[in-house]
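Which chain is which? The protein sequence lines are A and B, in order.
Numbered by numbering that gives the first Met the number 0, the letters in the first sequence go through residues 0 to 490 in order.
Numbered by numbering that gives the first Met the number 0, the letters in the second sequence go through residues 0 to 169 in order.
These are computed hints drawn from the structure, not numbers from a lab.
Please note: incorrect hints may appear among the correct ones.
What the hints assert, rightly or not - Label-pair distances were calculated between CB atoms; the ranges are: (1) 336/A - 64/B: 55 to 63 Å; (2) 99/A - 114/B: 23 to 31 Å; (3) 361/A - 54/B: 21 to 29 Å; (4) 136/B - 104/A: 16 to 24 Å; (5) 96/B - 358/A: 18 to 26 Å; (6) 266/A - 136/B: 22 to 30 Å; (7) 318/A - 116/B: 30 to 38 Å; (8) 64/B - 354/A: 30 to 38 Å; (9) 358/A - 116/B: 35 to 43 Å; (10) 13/B - 336/A: 42 to 50 Å; (11) 147/A - 116/B: 49 to 57 Å.
What the hints assert, rightly or not - Chain A is faced by these chain B residues, among others (derived, beta-carbon under 7 Å): (12) 102; (13) 136; (14) 137.
Stated by the list, open to error - Anything over 12 Å on all C-beta distances counts as not near chain B; from chain A, calculated: (15) 67; (16) 95; (17) 138; (18) 328; (19) 376; (20) 385.
Just so you know, these numbers come straight off a predicted model, no measurement behind them.
All C-beta atoms, glycine included, are put in the ideal place defined by N, C-alpha and C.
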Amino acid sequence: MTPPLVTPPLLVPDVRRTSPRIVLVHTVTFKQARQLVPILIPVGAGFGFSGGWTTIVILAVAITVISLAAAALSWWRFSYANGPSAVVLTRGLLSRSVRTVPNDRIRGVEVEAPLLHRLFGLVRVRVDAAAGAAGEDEEVVVDGVPRAEGDRLRIAVLTHRGAPAAADDDEPEPVEEELSRWDNRWLLYAPLVGSYLAIPAAALGALSRVFDDLPGDPLGDVFDVELPAAWALALGVLGGTLLLLVAGSVIGAAIVNWGFRLTQRGTSLVAVRGLFTRRHTELEIDRIRGVSVSEGLGMRLVGAGRATALVTGLADAARRGQLLPLGPRAEAWSLAHRLTEDPGPLVPHPAAARRRRIVRAVVVGSVLTAGGLVLTVTTGFWELLVAGPVITVLGVLLARSLYAALGHAAGPRSFSVRRGWLVREQIVLERRAVIGWQVKQTVFQRRDGLATVTACVGAGSGGYAAVDMDAAEVPAFASAASGGWAGTLTP
Amino acid sequence: MTTAPAPVREPAWQLPRSAIGLWTVESAISTVFLWLGAGAFLLFVPASAGGPVPVLRWVLPALALLHTIIAVGIRPSVKHRIYRWEITAEAAYTRTGWLTQTWTLVPISRIQTVDVTRGVLQQMFGLATVAVLTASSQGTVRIWHLEHDVAQRVADDLARRAELVRDQAT
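Please construct the entire structure, taking both the sequences and the accompanying hints into account.
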């Protein structure tokens, strides 16, 4: 073999293996055998599926055996080791692959325990490496270690990272402080949140498709009754659907967020949550550049909000960065202000910004009305003519609340921007987060003395904009919200 | 266009005049395709097709002509006036755009990579584009159409200075 040319060999102590119990879990979930499905289907088609029960039983047994064999093989060929400088994963049946992830490239460790894993007392450890947008199989995952070993691995990896820890052992637990704890009353907010409503809505959609596929027309027969009963039935169906949506969203929110708890442990934030799959996510406070507090349309009615940390170089940041998945607005803000300094009250944007939005609404409404007028005269289709003015009025109302959402503020160490109507999102970012400014001005903005200023950030969505702010304020805002280099913008 | 003062300072340096030639050639090429499309419409859609077709037979060529005049005759020189760039002691700064103008500023300490690219047309005019990339997907400064040797020098200089002053870069 070739001698190590570039780096001295990484100090790797004992090589460890995952628990053999994981073979059972993977057999049941067809974890490895899933890849064989594209091969199995043509094979099955070749033999024919028409052989009745015996064929089905034989197929089921064969698939289970294949799954067991595949799971056992991948367990047998998988090993991992975590040393003082790197995590090393070895796997692969014929072509061995060895992945070495240096500890200082590790940005976080997530310990999750899906339901089956919990039955067997196992967890899955996901190491988040700074390798850019890695694909699914590029992820560093140690699947199936006992809970204690999972915790050991997490603590070992995180303490070896960064500053060389004096005490190697996991015993000196850093101080823990609870920042937020889930309150089950917050589940009542769920029916007003779009993303939670989407779950039961999708399920209902799938169900209606099943009804369509049923032989005959059961719904048609049901509807084939005299008028008053049909009305009552329609009301009942509507009420039932609403009830299902509400119940489904509450249950969905409970499954994901059950027992959510956010604690600060030393220099990290630890979030634990989930009813069936317990997830344990760790964020380094030093990498948090800011916080986003968002409130959907329905959430604003009841004063609910959610808070997400904006973390640099975090894969799947929208889920992993969650500080408060759903809760009262005040709670979201108190968390946000713990992590970033409050930059003070927002400055509203000039009246020209409101005019722009109202003009847009009126133009759209007028075009519709004019089109409706033409249609009424030529074809007698009058509905659009009625809809036009209604849309204009609604558009103007929307324009006003779109304008009301706009705002920006710059404090001594942080700044903030806010926008949005369907989801109103306010961002608070530290000054050091800004890695560039983009100022944009359309012809119309130039006429109105407005400009859109985007703070480019290496976290979250990559950029956050103060839309339609006073053009004259731009240089001052940019200088106040970032380093001295932004003085380049000052005329 | 009115002459309201720009919201921020203008970058100091202009692009070389050969950029006008490049933009003109680019516009001419896109115009050729536009005329091919309009010609195909006139050839293959019969005038008797009814609906809006008789009107479109006049409107489409008129629009193509208008686009040609603006894109080939006016836009290149307007762009040359608007596209500006500057490398200060601390930052790379550009103004781009035409009707919508965009100013982009990136501090040298946050630069991650500097690319120089030369497109086929750019090579004919001896030009190159310098792209300054940061950790943010939106924080990219592109200095279009510099003379090739200038672009190379700028890129080398930026890369060297980024190395010296680099802080966390995120």
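How the hints compare with the structure:
1. Range check, residue 336/A to residue 64/B: about 60 Å between beta-carbon atoms, so the 55 to 63 Å window is met.
2. One distance hint, 23 to 31 Å for the beta-carbon pair residue 99/A and residue 114/B, holds here, with the actual separation near 29 Å.
3. In this structure, residue 361/A and residue 54/B meet the distance hint of 21 to 29 Å, their C-beta atoms being roughly 28 Å apart.
4. The supplied range of 16 to 24 Å is met by residue 136/B and residue 104/A, whose beta-carbon atoms lie about 21 Å from each other.
5. In this structure, residue 96/B and residue 358/A meet the distance hint of 18 to 26 Å, their C-beta atoms being roughly 22 Å apart.
6. Distance hint for residue 266/A and residue 136/B: a CB-CB separation of about 28 Å, consistent with the stated range 22 to 30 Å.
7. Distance hint check for residue 318/A and residue 116/B: the Cβ-Cβ separation is about 36 Å, which falls inside the suggested range of 30 to 38 Å.
8. Against the hinted window of 30 to 38 Å, the Cβ-Cβ separation of residue 64/B and residue 354/A comes to about 35 Å, which satisfies the hint.
9. Remark: the range hint 35 to 43 Å for residue 358/A to residue 116/B is upheld by a beta-carbon distance near 40 Å.
10. Between residue 13/B and residue 336/A the Cβ separation comes to about 46 Å, which falls inside the hinted range of 42 to 50 Å.
11. Range check, residue 147/A to residue 116/B: about 53 Å between beta-carbon atoms, so the 49 to 57 Å window is met.
12. A least Cβ separation of about 4 Å between residue 102/B and chain A falls short of the 7 Å threshold, and the interface hint therefore holds.
13. Against a cut-off of 7 Å between C-beta atoms, the interface hint on residue 136/B holds, since the closest Cβ of chain A lies about 4 Å away.
14. Against a cut-off of 7 Å between C-beta atoms, the interface hint on residue 137/B holds, since the closest Cβ of chain A lies about 3 Å away.
15. No Cβ of chain B approaches the Cβ of residue 67/A within 12 Å, the least distance being about 44 Å, so the stated non-interface status holds.
16. Separation of residue 95/A from chain B is adequate, the least Cβ-Cβ distance of about 33 Å exceeding the 12 Å criterion.
17. In this structure residue 138/A is separated from chain B by more than 12 Å, as the shortest Cβ-Cβ distance comes to about 21 Å.
18. The claim that residue 328/A is not at the interface with chain B holds, since no C-beta of that chain comes within 12 Å of its own (minimum 28 Å).
19. The claim that residue 376/A is not at the interface with chain B holds, since no C-beta of that chain comes within 12 Å of its own (minimum 18 Å).
20. Listed as outside the interface, residue 385/A is consistent with that label: its C-beta sits roughly 26 Å from the nearest C-beta of chain B, beyond the 12 Å cut-off.
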